[in-house]
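Using the sequences provided together with the hints, build the complete structure.
Below, each chain spelled out in residue letters.
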Amino acid sequence: MKINQIYVNLPVKDVQKTREFWTKLGFSINEQFSDEKAICVIMKEDHIYAMFLKEEFFHTFTDRPIAKGDTTQTLLAIGVNSREEVDEMVKTALENGGSKYSEPQDHGWMYQNAFSDLNGHQWEVMFADMSKLPAE
Amino acid sequence: MKVNQIYVNLPVKDIQKTKEFWTNIGFSINEQITDEKAVCVILNDNIQVMFLTEEFFQTFSERPVPKGDTTQVLVAIGLDSREEVDQVVNAAVANGAYQHEEPQDHGWIYQNSFWDINGHGWNVIFADPSQLPAE
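Sequence order for the protein chains is L and Y.
In terms of the numbering used here, the first sequence opens at residue 1 and continues consecutively.
In terms of the numbering used here, the second sequence opens at residue 1 and continues consecutively.
Because the hints were derived from the structure by calculation, they are not lab data.
Quantities reported herein were computed from a predicted structural model and do not represent experimental measurements.
Heads up, a few of these hints could be off.
Here are the computed lysine to any residue pairs in the SDA-like style, where the Cα-Cα straight-line distance is at most 20 Å [unchecked claim]: (1) Y:Lys37 / L:His107; (2) Y:Lys2 / L:Phe127; (3) Y:Lys2 / L:Asn96; (4) Y:Lys17 / Y:Val93; (5) L:Lys100 / Y:Arg63; (6) L:Lys91 / Y:Lys2.
Pulled from the structure, derived: some chain Y residues nowhere near chain L, Cβ distances all over 10 Å [to be verified]: (7) Lys17; (8) Glu55; (9) Asn90; (10) His106.
Quick list of simulated restraints, FRET-style, between CB atoms [claimed, not checked]: (11) Y:Asp128 / L:Asn81: 27 to 33 Å; (12) L:Pro104 / Y:Thr34: 21 to 27 Å; (13) Y:Glu62 / L:Gly26: 25 to 31 Å; (14) L:Glu84 / Y:Gly68: 38 to 44 Å; (15) L:Met110 / Y:Asn90: 36 to 42 Å; (16) L:Asp129 / Y:Thr59: 20 to 26 Å; (17) L:Met110 / Y:Glu20: 24 to 30 Å; (18) Y:Glu101 / L:Met130: 37 to 43 Å; (19) L:Thr92 / Y:Asn90: 41 to 47 Å; (20) Y:Gln104 / L:Glu103: 41 to 47 Å.
Just so it is clear, CB atoms sit at the ideal spot from N, CA and C, and this is done for glycine as well.
Pasting the structure below:
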């Protein structure tokens with residue numbers, strides 16, 4: 001079984017501020033799926049999207065309360081095309097209200113840096129060079 | 001800015017049971033990055049889910065793992081037909097998941113959902129954008 005696309009749905013307090021944050025990181029918005037209750041960020045056209053839903057709206061899709069930001073249910077790791085892109089994205093995130101929760105890690109074949117976004121969702125940004133993956 | 005891949009990382013209690021669950025639903029395992037602490041499920045070439053033992057997951061975040069009484073994320077995955085959607089949800093339910101709500105048919109999008117054996121919520125969809133109503 002193979003899927004054709006993924007939408008990662010996350011709750012947010014302020015849709016407009018969330019839109020500004022992700023736009024500043026350099027991502028485009030799918031306006032067709034965005035309104036005052038939700039914003040759809042295009043991470044990879046036709047394949048990978050992040051949907052940020054206003055908490056009240058998100059809540060209509062689950063029978064459990066929304067996490068209050070004091071726990072972590074998910075860590076989202078996204079791959080970009082170079083170490084420079086990794087650091088640039090994290091730097092821009094920190095300049096725009098994101099926060100740092102871990103130090104960059106260089107594993108040779110994989111470089112990783114991370115930020116916590118405006119809403120406390122944690123993103124691991126990585127550049128992986130599979131050709132350098134050590135043989136087992 | 002574009003990403004080339006995504007790994008959705010989620011905490012689980014039991015790696016072996018999680019591996020069996022996702023295998024039974026029909027997905028393949030990326031054995032290269034699977035061990036006793038984590039299992040990597042291949043959703044497609046660019047989209048993978050890493051299920052980590054709670055203890056291991058915890059080492060990557062300064063906040064505690066939730067106890068399953070809240071929701072921070074819901075993951076929606078797209079398949080190629082209504083039949084595949086129902087097949088995946090039925091297989092999930094047959095293997096210990098529960099159906100979260102009744103399937104919804106919006107014409108251009110058909111949606112079914114399950115909550116997996118670790119309490120993570122999955123919306124399974126078939127979307128046909130050509131049927132999207134004009135605004």
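We went through each hint and held it up to the structure:
1. With a C-alpha separation of about 19 Å, the suggested pairing of Lys37 (chain Y) with His107 (chain L) holds against the 20 Å cut-off.
2. Restraint check for Lys2 (chain Y) and Phe127 (chain L): the C-alpha separation of about 12 Å stays at or below 20 Å, so the hint holds.
3. Distance check on the hinted pair: Lys2 (chain Y) and Asn96 (chain L) sit about 19 Å apart at the alpha-carbon level, within 20 Å; holds.
4. Restraint check for Lys17 (chain Y) and Val93 (chain Y): the C-alpha separation of about 14 Å stays at or below 20 Å, so the hint holds.
5. Between Lys100 (chain L) and Arg63 (chain Y) the alpha-carbon distance is near 13 Å, which keeps this suggested pair within the 20 Å criterion.
6. The suggested pairing of Lys91 (chain L) with Lys2 (chain Y) holds, with an alpha-carbon distance near 16 Å, which does not exceed 20 Å.
7. Residue placement check: Lys17 (chain Y) keeps its beta carbon more than 10 Å from all beta carbons of chain L (closest about 19 Å).
8. In this structure Glu55 (chain Y) is separated from chain L by more than 10 Å, as the shortest Cβ-Cβ distance comes to about 13 Å.
9. Every Cβ of chain L is farther than 10 Å from the Cβ of Asn90 (chain Y); the closest lies at roughly 13 Å, confirming the non-interface assignment.
10. Every Cβ of chain L is farther than 10 Å from the Cβ of His106 (chain Y); the closest lies at roughly 13 Å, confirming the non-interface assignment.
11. A beta carbon spacing of about 31 Å between Asp128 (chain Y) and Asn81 (chain L) agrees with the range 27 to 33 Å that was offered as a hint.
12. Separated by about 25 Å at the C-beta atoms, Pro104 (chain L) and Thr34 (chain Y) satisfy the suggested range of 21 to 27 Å.
13. The hint said 25 to 31 Å for the Cβ distance between Glu62 (chain Y) and Gly26 (chain L), and at roughly 27 Å that hint holds.
14. For the pair Glu84 (chain L) and Gly68 (chain Y), the beta carbons lie near 39 Å from each other, so the given range of 38 to 44 Å is met.
15. Between Met110 (chain L) and Asn90 (chain Y), the C-beta spacing of about 37 Å keeps the proposed range 36 to 42 Å intact.
16. Between Asp129 (chain L) and Thr59 (chain Y) the C-beta distance comes to about 24 Å, which sits within the given range of 20 to 26 Å.
17. Look at Met110 (chain L) against Glu20 (chain Y): about 28 Å separates their beta carbons, and that is inside 24 to 30 Å.
18. Range check, Glu101 (chain Y) to Met130 (chain L): about 39 Å between beta-carbon atoms, so the 37 to 43 Å window is met.
19. Between Thr92 (chain L) and Asn90 (chain Y), the C-beta spacing of about 44 Å keeps the proposed range 41 to 47 Å intact.
20. For Gln104 (chain Y) paired with Glu103 (chain L), a C-beta distance near 44 Å keeps the hint of 41 to 47 Å intact.
The earlier numbered hints are all upheld by this structure, with none contradicted.
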